[in-house]
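Protein chains in written order, with my numbering: chain A, 1 to 207; chain B, 208 to 547.
Below 30 Å or equal to it, Euclidean Cα-Cα: the simulated BS3-like pairs (lysine-lysine) are:
{"no.": "1", "chain 1": "B", "residue 1": "K508", "chain 2": "B", "residue 2": "K221"}
{"no.": "2", "chain 1": "B", "residue 1": "K493", "chain 2": "B", "residue 2": "K359"}
{"no.": "3", "chain 1": "B", "residue 1": "K493", "chain 2": "B", "residue 2": "K514"}
{"no.": "4", "chain 1": "B", "residue 1": "K221", "chain 2": "B", "residue 2": "K511"}
{"no.": "5", "chain 1": "A", "residue 1": "K50", "chain 2": "B", "residue 2": "K270"}
{"no.": "6", "chain 1": "A", "residue 1": "K45", "chain 2": "B", "residue 2": "K270"}
{"no.": "7", "chain 1": "B", "residue 1": "K287", "chain 2": "B", "residue 2": "K233"}
{"no.": "8", "chain 1": "B", "residue 1": "K359", "chain 2": "A", "residue 2": "K45"}
{"no.": "9", "chain 1": "B", "residue 1": "K221", "chain 2": "B", "residue 2": "K514"}
Computed far set for chain A versus chain B, every beta-carbon distance over 12 Å:
{"no.": "10", "residue": "I2"}
{"no.": "11", "residue": "A7"}
{"no.": "12", "residue": "L101"}
{"no.": "13", "residue": "A107"}
By construction, these hints were calculated from the structure, which means they are not laboratory data.
Every residue gets a Cβ at the ideal spot worked out from N, C-alpha and C, and that includes glycine.
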Amino acid sequence: MISHRIAAIADYLSPVAAGWRDVSGEQVPLMPAPLAMQPTEYVRKSWERKPYGQIRALGVASVHDGRACAIRLSWSGVAAAGSDFPDAVALALPVRGSPALALMGAADAPIHILRWQSNREGLRSLLATGIGSSRPGPEIECGASAQADGSTWQIVVTRVLGAAEDAAPLLAGNRTRIGFAVWQGGNDERAGIKAFSIDWQDLILDA
Amino acid sequence: MSKRQVAMVMDLNKCIGCQTCTVACKRLWTREEGMSHMLWNTVNSQPGRGTPHGYEDMGGGFKDGVAQPGRRPALADYGKAWEFNYEEAFFGGAANTPLIPQGGDPGEGPNHDEDVGAGEYPNSYFFYLPRICNHCTHPACLEACPRRAIEKREEDGIVLIDEDRCSGYRFCQEACPYKKIYYNELRGVAQKCIFCFPRIDRGVTTACSRQCPGRVRFVGYLDDPAGPIHKLVHQYQVALPLHAEYGTQPNVFYVPPISPERYGADGVANGEMRIPLEYLEYLFGKRVHQALALLIDEREKNRKGEKSELMDLLIARDWIKMFGPFDRHPRSIEQVQATA
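One chain only, chain A, in its complex shape (with noise of 0.2 Å):
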């Protein structure tokens, strides 16, 4: 996945910015978290007979201005009003080390979280060392902007490049790795029951 080198990011804070046209994408194939993963009994039982994470694809496009970078997510997925839960994307990245994503990241290689959920203004950022220990993350410049068209979600995640003490590093020429999890809320998931993108994809910033 080439995030691609472009004049200025703010034509590109939109989802539905012209820009994006010429962005050439892919899709990220998804799976629904394993259950075996799930980290209680109770979430194992109660969804064991119930289909989750039935998103399988989510459209991914990168573009980067050398200090801020956009990511656009798009899946078929809007939850109908009323949901108890709200529909929900987060992009992970590895902030040292070699965590796994399936397992969230460990206690010496954390994993650096941007969560975006249809029921908040902005972006949440995370820092996970495990399943289920996701705590608030660094504080860092970065911003979404949504919008749904019919059932499909389009999403900008926008982060400044650079990398600090637990934000992950996210710089230009270089390569790092990204993983990524989707949450229908109107199928009431959330927390570990979700799609999830498997393994890593590799993420390479232009020069």
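Add chain B to chain A, keeping to what the hints say.
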């Protein structure tokens, strides 16, 4: 496993359904925004659907030690916190203005079955059932939470939600078979009875127990042989858990109600209890028969002028002893803080 377990016994023979406990709790803990539907303490007429309405059919708990799926109560299941036209009815100047709930369809109030009861006259019956979080020994809420946001305190077994860790996933609500966990939509966190732990930590009993005009509630440690809880639960075994079959080992216990005798077709009392024993067994299990038999025996002893430690304990002549080691006056705590 907690080192000790603080517990409560409620004597259903003395509850008059005045809701003072409910109000004491409400004023102390659930007056903030997002908490209007929360009654950490409820008192319901039984038989009835309880609060949230129909909670006994919402699942959760454990069966043969295995966690059971449950459902989250909807906001309407708790009953609306009705607003009334006080200004108009009391000060509007018009005669015969009724006091009515505002805001369209009022729905069902929290204690919607109030005093409805069951049975046909002259054998109609009901009793009151107060409920709080059971601070279970095997808490389904704690075990369900993927965030590990719920803890059971080691020193006294009080079950608490860490609101900083809670992400509002509400698995705890589904898993609790008593449906005594509430969701604060504004803050996005689960909240529930905290057994007044800031008071307990300072030797003051819970607000619901201390404010109870009926002297219904005993508080203390389960393992304290000198305290009322141990005597009622373990020594006399007249205090029983509600729906023990839910598998969570609740630490709130109930002295079951002895009811008046039924009248036969001839209009003569026939010695049978008016509240069907099957219903009490449904709530409190098979041990309810033994508990009721002992309560009736001890009551008879008392009537004959014989000494009954059990009756003296239940009558609670010495009110402050109902609270075991938690006998400090709350005002004494304020004084400590003021001089600190």
